[in-house]
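Undergrad: Sequence:
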Amino acid sequence: MTLRPSLRHVVFFSAKDKADVPRIVEGLEMLSGITHSTFFEVRLNTQSDALSSEVDVIVYAEFDSAAALAAYKADPLYEAAIKAVRPLRDMRIAADF
1 MTLRPSLRHV
11 VFFSAKDKAD
21 VPRIVEGLEM
31 LSGITHSTFF
41 EVRLNTQSDA
51 LSSEVDVIVY
61 AEFDSAAALA
71 AYKADPLYEA
81 AIKAVRPLRD
91 MRIAADF
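First residue of the sequence shown? That's 1 in the numbering used here, and the numbers climb one at a time after it.
These are calculated hints, taken from the structure and not from any lab test. Yeah, the Cβ is synthetic: ideal placement off N, Cα and C, and Gly gets one too. One thing to keep in mind: the hints can contain errors.
Straight-line Cα separation of at most 27 Å, DSSO-like style, residue types lysine-lysine; simulated pairs [claimed, not checked]:
hint : residue 1 : residue 2
1    : 83        : 73
2    : 83        : 16
3    : 73        : 16
4    : 83        : 18
Taking CB as the label site, the calculated pair distances span [stated by the list, open to error]:
hint : residue 1 : residue 2 : range
5    : 53        : 84        : 35 to 45 Å
6    : 91        : 41        : 13 to 23 Å
7    : 47        : 23        : 26 to 36 Å
8    : 46        : 17        : 12 to 22 Å
9    : 17        : 65        : 33 to 43 Å
10   : 8         : 53        : 18 to 28 Å
11   : 16        : 67        : 25 to 35 Å
12   : 50        : 93        : 31 to 41 Å
13   : 94        : 38        : 28 to 38 Å
Work the whole structure out from these sequences, hints included.
TA: In structure tokens, the structure reads:
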């Protein structure tokens with residue numbers, strides 16, 4: 001049996017303008033400065049699925065608990081990332097499992 005994190009947080013973003021994707025990535029990478037996750041990454045979608053190309057950028061993070069995720073979202077860097085990315089993004093879909 002493999003060890004799995006208690007909570008996985010995945011967020012999908014699409015850019016209003018594809019030219020802003022690097023700025024979205026830069027804004028989301030601010031979140032890496034938040035220490036509450038046990039694993040964190042921001043990745044570009046390879047868009048290799050011919051049936052779905054809406055997603056441009058993905059945030060993936062792992063947390064030991066729901067409390068750690070809540071602390072992550074309460075960090076001032078989280079608010080700074082929102083302010084940087086929200087004007088540039090079109091879609092945002094989050095899932096926690």
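Undergrad: Against the earlier hints, flag every one the structure doesn't satisfy and list their numbers going up.
TA: 5, 7, 12, 13
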